[in-house]
Structure formats: C-alpha cells, structure tokens
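With the hints as extra help, turn the sequences into a complete structure.
Throughout the sequence shown, residue numbering follows this note's numbering, covering 33 to 503 in sequence.
Quick caveat, the hints were computed from the structure, so don't treat them as lab data. Please note: incorrect hints may appear among the correct ones.
Below, in silico cross-link-like pairs of lysine-lysine (DSS-like), each with a Cα-Cα straight-line distance of 27 Å or less [to be verified]:
#	residue 1	residue 2
1	K244	K255
2	K166	K255
3	K166	K211
4	K162	K244
5	K255	K352
6	K142	K83
7	K209	K166
8	K93	K244
9	K352	K318
10	K221	K123
11	K164	K133
12	K83	K221
13	K123	K162
14	K166	K217
15	K123	K164
16	K419	K435
17	K420	K435
18	K423	K485
19	K93	K217
20	K142	K162
21	K164	K217
22	K420	K352
23	K221	K211
24	K110	K217
25	K166	K123
26	K211	K110
27	K255	K83
28	K110	K162
29	K123	K93
30	K83	K162
31	K110	K166
32	K419	K429
33	K164	K221
34	K93	K162
35	K217	K123
36	K110	K164
37	K209	K221
Label pairs and their in silico Cβ distance ranges [as the list claims (entries may be wrong)]:
#	residue 1	residue 2	range
38	V266	E437	44 to 52 Å
39	S50	N72	53 to 61 Å
40	T100	E206	20 to 28 Å
All values reported here derive from a predicted model rather than from experimental measurement. Even for Gly, the Cβ is constructed at its ideal location relative to N, Cα and C.
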Amino acid sequence: MGRRKKKKMYIGIMVGGSVILVVLIYIAVALFFTRHFLMNTTINGNDFSGKSVSEAEQFFKEQVADYTLAVVDINGGKENISSSDILLTYKENGDIEDILKNQGAFLWPKAFFGDNTVEVTFDMSFDDAKLKEKINSLSIIQAGQTPAQSASPAFDGSQFVITPEVYGITATPEIVKEKVTASIKQMAKEINLAEQGCYEAPRFSSDSEEVKQACEKMNGFCKASITYNMDVPVVIDQSTIAPWLSVDGDMNVIVDENAVRAWLEQFGSQYDTVGTTRTFTTPTGKSASVSGGTYGWSIDEDTEFQTIMNALNNQEVVVKEPQYYNSGVAAVHGMPDWGSTYAEVDLSAQHMWYIVNGAVAMETDVVTGRPVPSRVTPEGVYTILEKKLDKVLVGEKDPATGKPEYETPVDYWMRVTWTGIGFHDASWQSSFGGSRYQTSAGSHGCINMPVSKAAELYNLIEVGVPVIIHY
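Here is the structure:
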C-alpha cells in the first residue's frame with residue numbers, strides 16, 4: 033500500500049471518529065437534558081438551568097416554608113402575608129415534570145439562543161379562614177375607603193366642563209382574596225393590588241362619550257333664558273339653571289323639577305300679593321294695614337313651570353309677563369298693589385271713600401255688618417265683581433221656616449264677594465256711621481249706603497276696581 037493511500041485512510045478514520053464522538057457527545061447531552069432542565073429555563077422567575085425535577089421540587093418546598101407575599105397597595109405601601117400566617121404547604125403535582133418532558137431535550141442547542149420562561153400554578157394547601165382573616169386585617173381593608181368617582185359635568189360659573197374621574201381607594205376583600213390566592217399558587221413574591229384590578233375603577237372617564245354628550249346637553253339647557261317683566265325684571269339664566277341640572281349613574285341628564293318648582297314658589301312668594309298684609313295710609317292720614325281677600329297678584333306656577341321646561345328643552349330665549357291665575361292680577365307690582373284708584377271702607381270709622389287717581393271722588397258714612405260671626409263684614413282686599421240696578425238681596429234660608437231670612441230690594445248693587453257682600457243703598461237705615469253697626473241696625477255683611485251716595489258710587493265705579501275693607 034502506498035504512503036499516500038495510507039494517509040487518506042488515516043484521515044478518514046480521524047474524521048469518522050470525530051463525527052462519531054460529536055454524535056455521542058450530542059446524544060449524551062440530550063440524555064442529560066431528558067432528566068434536567070435546558071439552559072436558560074426559569075420557572076416562576078427562578079433559574080433552573082441544568083437542574084433536575086427533584087431539585088426544583090425541593091427548591092419550591094423550601095421556598096414555601098419561608099414564603100412571604102408582599103402586598104402592595106395603591107399608594108405604594110407594603111404588607112406581608114407569610115406561609116405561617118395561613119399554614120401554607122406545598123403539594124407536589126406533575127406540572128414541573130411536564131415542563132421537563134415538553135422541553136425537547138434533543139433540541140438542546142436552541143436553549144443557548146433563547147429563554148424558556150414558564151409560569152406554574154402550584155397546588156398549595158392553606159387555611160382558607162386564616163387567609164381571609166389576614167386579608168381583612170390589611171390596613172387597606174381596615175382603613176376608611178374612598179369610592180371611585182366617574183368623570184362628570186360640573187358648572188364652572190359660565191359653562192359645564194368635565195371634572196376628571198377619581199380612582200378612589202376602595203378594595204373589596206373578596207377580590208383581594210381571589211388575586212392573593214392566585215399569586216400564592218404561583219409563589220409570586222409581590223402582588224400590586226392596583227395592577228391586579230383590586231380597586232374600584234370609575235365607570236366613566238373624561239374621554240367617555242357619555243360624559244361628553246351629557247356636558248354638551250347641559251350646556252344646551254343653559255342657553256335658555258326666561259325674563260319676567262316685573263317692576264324689576266326677573267331673569268332665569270345659566271346661573272339659575274345650572275343648579276337644576278345633574279346626571280344619574282348612567283350619565284343621563286336630569287332636570288330637577290322639584291328645584292324648578294321651588295324656584296317658582298320663591299318667585300311667587302316674592303311677587304304674589306293675594307291675601308298678604310299691606311300697609312297704607314287712609315285719606316284721613318291714619319296708618320292702617322289689611323290682609324286677606326281675593327285681590328292681588330297670583331302667579332300661575334303650573335303654567336310657568338311648563339314655560340320654563342319648554343324653554344330649557346328648546347334652548348329658547350323668552351321675555352314675558354308671568355301667567356296669573358284668574359283674577360290674580362293687580363294694578364301695580366309695588367305695594368300697596370291696588371294703585372291709585374280704589375274704594376276703601378274703614379270699618380272702625382264706618383266711613384268709605386272712592387279714590388280716583390289718588391284723589392277722593394266721593395265719600396260717605398256707612399253701616400257695615402254686625403260684628404258677629406254670621407254677619408260681620410270681612411276684612412281684605414277685593415274687587416267690584418258686578419254692578420246691577422234693581423237687585424233683590426236674598427238671605428240664607430231659615431231652617432225653621434224654609435224661607436230666606438230676608439228678601440230686600442235695592443236700587444244699586446255693587447258686588448264685592450260671590451258670597452253676597454257688596455255696596456248697596458239702604459233706605460231703611462235711619463242714619464249712617466257711628467256705632468250703629470254694632471247693634472241690630474248692623475247689616476248682614478254688606479256695606480249699607482245712603483241712596484244718593486249709592487247712586488253716586490254706582491255711576492262712578494267700574495267692575496274690577498279694587499275694594500279695601502279694614503279696621
């Protein structure tokens with residue numbers, strides 16, 4: 033055999049031997065990794081490269097014995113739950129062995145070029161009651177909790193703007209227990225309650241379309257304006273409207289109808305005069321006051337409620353007189369509200385005047401109702417309701433006879449109340465004024481006048497003229 037041929041044979045043997053050696057080494061390493069974890073293998077954050085299942089099991093058993101979970105609250109505070117607090121023990125299962133079986137031992141070279149990171153949930157045994165007790169003792173549960181607040185519209189003095197949401201510090205024990213239990217089973221070193229969603233989150237944020245739409249709708253309501261033409265104009269503008277507006281839990285805009293009605297009640301109490309006490313000076317210079325009666329301003333609050341609601345819903349600008357109830361209109365808005373033309377009866381003086389444009393147009397002594405409940409002339413401010421000539425005044429029926437107490441014809445009748453009180457002539461009276469009204473000469477409530485004076489008043493006074501009756 034030639035020298036050259038021998039050399040080729042030698043080289044072939046060397047190459048073949050090297051290949052066989054490499055294959056044997058590869059197989060040997062692969063066989064090693066059938067019983068050990070590949071390089072760069074981490075289980076639950078712990079490096080087990082080249083470690084066996086039993087070594088991993090033993091590690092976790094030891095870890096459980098000394099295990100502590102750090103519970104981090106929303107403010108960064110930490111509290112610990114240790115294995116001894118809850119009697120935690122480790123229970124073996126096949127999860128770690130499954131990692132070994134599924135790692136692909138014969139593809140071991142790839143492990144050097146990547147990470148094999150695995151999270152395992154272990155079977156743990158712990159005292160559930162003690163875990164619950166420990167969670168309830170955490171300061172985040174013990175401390176006063178602040179609920180989360182959704183973003184919402186708020187009035188800034190000129191318009192509604194969105195107030196950002198608030199992420200409160202409300203964590204319910206049940207949710208915390210659920211998340212803590214999952215962390216313990218993974219033997220996590222720390223749980224951040226905020227990141228785990230243990231805190232109550234606001235339902236709506238500043239970017240929520242519902243909040244934007246609510247804000248826009250509320251600003252639309254504030255574009256409305258209602259001006260009532262009183263002695264001094266009363267204006268309902270955005271500053272009045274804004275407190276009436278709010279949103280419910282679903283971000284629906286609510287108009288507080290009770291607040292609208294309360295505003296109308298206050299408006300009425302300021303400007304309604306029916307039945308209120310008025311102070312004035314009589315033609316004789318006497319200071320007097322009167323209350324009661326049917327005359328005066330009386331705003332129809334139901335009608336004005338609809339006016340306001342319609343203006344809000346339609347973003348209207350309205351200028352108007354308020355609607356008044358029937359006969360709820362007076363001469364002026366100032367006090368006294370009967371203006372400068374009116375009839376006045378002084379029950380104490382037994383005298384009446386008819387005032388026209390502030391001057392006495394006529395006057396006379398009178399006889400008014402006898403001061404007993406069934407016959408007294410009522411105090412108050414009224415109006416002339418009707419005028420009739422040749423009227424027969426009919427009294428109440430006498431229960432004993434079934435006939436009216438009286439049927440008296442008069443020439444001039446000027447009604448003051450629908451219950452039968454009015455001015456009229458009284459030819460049967462021998463005189464007027466003084467204290468005759470306190471005797472049997474007193475009327476049944478009407479204002480008795482001499483015939484000539486009744487005729488004079490009848491020709492001067494008109495239906496609707498105010499009548500003030502006072503002491």
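Now for the hints, and whether the structure bears them out:
1. K244 to K255: It holds: about 17 Å lies between the C-alpha atoms, which stays within 27 Å.
2. K166 to K255: Violated, at about 56 Å.
3. K166 to K211: holds, 14 Å
4. K162 to K244: Violated, at about 47 Å.
5. K255 to K352: Holds, because 17 Å separates the two Cα atoms, which is no more than 27 Å.
6. K142 to K83: holds, 17 Å
7. K209 to K166: The hint holds at about 10 Å.
8. K93 to K244: Not satisfied, since the Cα-Cα distance of roughly 55 Å exceeds 27 Å.
9. K352 to K318: violated, 38 Å
10. K221 to K123: holds, 18 Å
11. K164 to K133: violated, 37 Å
12. K83 to K221: holds, 21 Å
13. K123 to K162: Measuring from Cα to Cα gives roughly 19 Å; hence the hint holds.
14. K166 to K217: The given pair, whose Cα atoms are some 17 Å apart, holds under the 27 Å limit.
15. K123 to K164: The hint holds at about 21 Å.
16. K419 to K435: With a Cα-Cα distance of about 26 Å, the restraint between K419 and K435 holds, given a limit of 27 Å.
17. K420 to K435: holds, 24 Å
18. K423 to K485: holds, 17 Å
19. K93 to K217: holds, 13 Å
20. K142 to K162: violated, 46 Å
21. K164 to K217: Satisfied, since the Cα-Cα distance of roughly 16 Å is no more than 27 Å.
22. K420 to K352: violated, 36 Å
23. K221 to K211: It holds: about 13 Å lies between the C-alpha atoms, which stays within 27 Å.
24. K110 to K217: Distance of about 20 Å is within 27 Å: holds.
25. K166 to K123: holds, 22 Å
26. K211 to K110: holds, 16 Å
27. K255 to K83: violated, 75 Å
28. K110 to K162: Answer holds: K110 to K162 is near 19 Å, not above 27 Å.
29. K123 to K93: Holds, at roughly 8 Å.
30. K83 to K162: Judged against 27 Å, a Cα distance of about 35 Å means the pair is violated.
31. K110 to K166: The given pair, whose Cα atoms are some 14 Å apart, holds under the 27 Å limit.
32. K419 to K429: Measuring from Cα to Cα gives roughly 24 Å; hence the hint holds.
33. K164 to K221: holds, 19 Å
34. K93 to K162: holds, 21 Å
35. K217 to K123: Holds, at about 10 Å.
36. K110 to K164: It holds: about 18 Å lies between the C-alpha atoms, which stays within 27 Å.
37. K209 to K221: holds, 16 Å
38. V266 to E437: 44 to 52 Å: holds, 49 Å
39. S50 to N72: 53 to 61 Å: At 28 Å between Cβs, range violated.
40. T100 to E206: 20 to 28 Å: holds, 23 Å
Violated hints for the displayed structure, listed by number in ascending order: 2, 4, 8, 9, 11, 20, 22, 27, 30 and 39.
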